[in-house]
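Enquirer: Sequence order for the protein chains is B and U. Counting in numbering that gives the first Met the number 0, the first sequence runs from 0 upward without gaps. Counting in numbering that gives the first Met the number 0, the second sequence runs from 0 upward without gaps.
In case anyone wonders, no lab produced these hints; they're calculated from the structure. We put the beta carbon where it would ideally sit given N, CA and C, even for glycine. Keep in mind that the hints are not guaranteed to be accurate.
Claimed, not checked - Which residues of chain U face chain B? A partial, calculated answer using Cβ under 10 angstroms:
no., residue
1, 9
2, 32
3, 84
4, 86
5, 94
6, 168
7, 206
8, 212
9, 249
10, 252
11, 270
12, 273
Chain residues, written in single-letter form:
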Amino acid sequence: MLFHFALIVGISAQQTFWIVAQGYTSLPHSIDPFSRKAADALTIALGQDLGLSNPARQSLTAYLHSAGIEGGYGFFAPNIPSSYKLVFELHYPDGHVEYDLPHVSGTATGLRLVSLLDRIGRTQYEPLREVMLKMLAYSAWQEHAGAATVRAVFGYVDVPSLSELKEGKKESYNFLYAYDFTFPSSSNAPPR
Amino acid sequence: MRLRQRIIDFLFAPEPDAWLTLLRLGLGLQIIFYALSFRHDWNIVFAAEGSPFVSRDLTEAIGKIDNPLGPQIGWFIVLGSHLGLSEQMTLSILWLLLLGAGGALVLGFFCRTSAVIAWLVHLCAAQSGDFFAYGLDNLMTIGLFYLAIAPLPDRYALDAKLWRLKRIDPARLGFHRRVLQLHLCLIYFFSGLTKCLGAGWWNGASIWRALTRPPFDIIPIEVLASWKILFPVVGIAVCLFETAYPVFIWPRTTRLVWLAAILAMHMAIGLSMGLFLFASIMLVLNVAAFGPRSAMVARQHTPAEFGPTATAASLF
Numbered sequence: 000m001l002f003h004f005a006l007i008v009g010i011s012a013q014q015t016f017w018i019v020a021q022g023y024t025s026l027p028h029s030i031d032p033f034s035r036k037a038a039d040a041l042t043i044a045l046g047q048d049l050g051l052s053n054p055a056r057q058s059l060t061a062y063l064h065s066a067g068i069e070g071g072y073g074f075f076a077p078n079i080p081s082s083y084k085l086v087f088e089l090h091y092p093d094g095h096v097e098y099d100l101p102h103v104s105g106t107a108t109g110l111r112l113v114s115l116l117d118r119i120g121r122t123q124y125e126p127l128r129e130v131m132l133k134m135l136a137y138s139a140w141q142e143h144a145g146a147a148t149v150r151a152v153f154g155y156v157d158v159p160s161l162s163e164l165k166e167g168k169k170e171s172y173n174f175l176y177a178y179d180f181t182f183p184s185s186s187n188a189p190p191r
Numbered sequence: 000m001r002l003r004q005r006i007i008d009f010l011f012a013p014e015p016d017a018w019l020t021l022l023r024l025g026l027g028l029q030i031i032f033y034a035l036s037f038r039h040d041w042n043i044v045f046a047a048e049g050s051p052f053v054s055r056d057l058t059e060a061i062g063k064i065d066n067p068l069g070p071q072i073g074w075f076i077v078l079g080s081h082l083g084l085s086e087q088m089t090l091s092i093l094w095l096l097l098l099g100a101g102g103a104l105v106l107g108f109f110c111r112t113s114a115v116i117a118w119l120v121h122l123c124a125a126q127s128g129d130f131f132a133y134g135l136d137n138l139m140t141i142g143l144f145y146l147a148i149a150p151l152p153d154r155y156a157l158d159a160k161l162w163r164l165k166r167i168d169p170a171r172l173g174f175h176r177r178v179l180q181l182h183l184c185l186i187y188f189f190s191g192l193t194k195c196l197g198a199g200w201w202n203g204a205s206i207w208r209a210l211t212r213p214p215f216d217i218i219p220i221e222v223l224a225s226w227k228i229l230f231p232v233v234g235i236a237v238c239l240f241e242t243a244y245p246v247f248i249w250p251r252t253t254r255l256v257w258l259a260a261i262l263a264m265h266m267a268i269g270l271s272m273g274l275f276l277f278a279s280i281m282l283v284l285n286v287a288a289f290g291p292r293s294a295m296v297a298r299q300h301t302p303a304e305f306g307p308t309a310t311a312a313s314l315f
């Protein structure tokens with residue numbers, strides 16, 4: 000039990016220190032280096048700096064995931080992030096363009112789509128981001144198989160603050176990335 | 000010695016099994032609603048190919064880098080293929096298994112097996128869908144993990160009526176509830192602390208952003224604008240209720256107020272942001288941990304009602 004709670008406290012504290020170290024909080028930036036050191040020390044204590052093939056790390060990680068304690072509890076903290084949005088531009092051989100959004104049939108699954116877009120937005124590794132967007136674009140292309148090219152335009156939604164709303168500012172869409180994908184119509188193989 | 004004894008008394012305070020009934024029933028219903036919310040998308044979301052999301056193969060391949068021992072839906076797909084089952088058939092069986100486990104938990108039928116199945120299938124779904132998982136999955140895993148290791152069945156379960164089972168040691172029941180209670184205290188403390196570190200929770204900006212951020216913007220922005228005076232108060236209240244949860248949830252005098260405030264907060268989140276499943280899992284965990292017949296009440300019962308508690312010390 001002590002071990003279990005040490006893990007919960009360790010991971011929660013590590014995440015909190017990491018948030019402070021990134022400068023996401025209203026705390027003075029002078030404490031950022033201390034927070035970074037504390038987060039690093041906890042990462043070592045939790046065995047997360049061991050090699051990925053280390054059996055101790057693998058066992059510990061499996062336990063953390065199985066008990067649901069692999070992440071911290073900073074939901075919507077310290078601040079609320081922006082929402083990401085993905086729009087598909089479907090370019091047809093005759094030159095006309097249609098627009099579509101990723102869609103799912105259930106509301107609950109729609110919340111998961113938001114999580115996926117958040118994940119894509121946070122992904123720093125560009126090839127992975129491209130593969131994820133390619134898979135989503137492929138799904139859109141399957142519903143518009145006549146399209147020659149699918150352009151996946153990824154951005155974030157800027158919601159006006161209260162004061163901006165008073166000044167008449169509306170919700171705006173800000174561009175981050177765009178990728179063009181071509182899927183040969185003879186191929187049924189999904190993108191990898 | 001006195002400190003050690005006090006810790007033992009705290010951890011193994013005898014409890015009746017009403018909290019476990021609430022946890023079993025609540026998580027059973029939660030699993031049913033979770034499975035039903037996925038009913039149209041389960042097979043396509045977890046398909047290796049043709050998923051409207053990111054393919055399961057990619058998610059599992061990336062998940063395996065960090066957690067190679069973690070269970071995944073792919074395990075069952077491979078098992079199913081050895082038995083001649085298609086991917087779609089195996090996925091359908093998994094979904095039915097999850098729904099069935101939820102129903103069995105509500106009835107209290109084969110409690111342990113049902114709890115383990117629900118935990119395992121949900122965990123596989125959370126791992127294989129890691130790219131689109133959110134806080135709900137974390138908290139459901141926590142609840143199902145504790146239920147799977149809890150001293151089941153409780154006296155209201157069908158199992159207890161059907162089979163002649165030995166009565167569960169109340170000290171064991173008390174210990175398992177303590178673990179859940181302490182975990183909830185840590186969840187709220189760290190959640191509240193990280194919110195306190197953001198300026199937006201003190202001036203109401205975070206409440207505004209949370210309620211206007213798509214797709215949680217179910218209340219019209221004009222209506223929200225008319226409530227602007229409330230946002231700083233609500234933001235500070237959220238910080239206070241969460242960070243001080245480990246302090247005020249234990250004393251008998253403040254427990255009911257704090258529990259009511261936290262439950263109201265989760266209901267408000269569920270209704271105003273459409274996060275119904277997230278709200279319901281938090282309600283279930285809170286009511287099971289600090290709801291009716293808490294340890295404070297249990298102490299008022301006679302020792303005879305609970306039986307011997309010698310195992311308490313031996314377990315420690």
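Enquirer: Evaluate each hint against the coordinates.
Expert: Evaluation of the provided hints:
1. 9: Since the shortest Cβ distance to chain B is 12 angstroms, the answer is violated.
2. 32: With a closest approach of 9 angstroms, the residue 32 of chain U hint holds.
3. 84: 21 angstroms, violated
4. 86: 13 angstroms, violated
5. 94: 13 angstroms, violated
6. 168: 16 angstroms, violated
7. 206: At about 9 angstroms, which falls below the 10 angstroms cut-off, the nearest Cβ of chain B leaves the hint on residue 206 of chain U intact, so it holds.
8. 212: 5 angstroms, holds
9. 249: For residue 249 of chain U, the interface hint is violated, since the closest Cβ of chain B sits about 16 angstroms away, which is over 10 angstroms.
10. 252: Status violated, d = 26 angstroms.
11. 270: At about 14 angstroms, which exceeds the 10 angstroms cut-off, the nearest Cβ of chain B leaves the hint on residue 270 of chain U violated.
12. 273: Check passed: Cβ of residue 273 of chain U comes within 7 angstroms of chain B, closer than 10 angstroms.
Checked against the numbered hints given earlier, this structure breaks hints 1, 3, 4, 5, 6, 9, 10 and 11; the rest are met.
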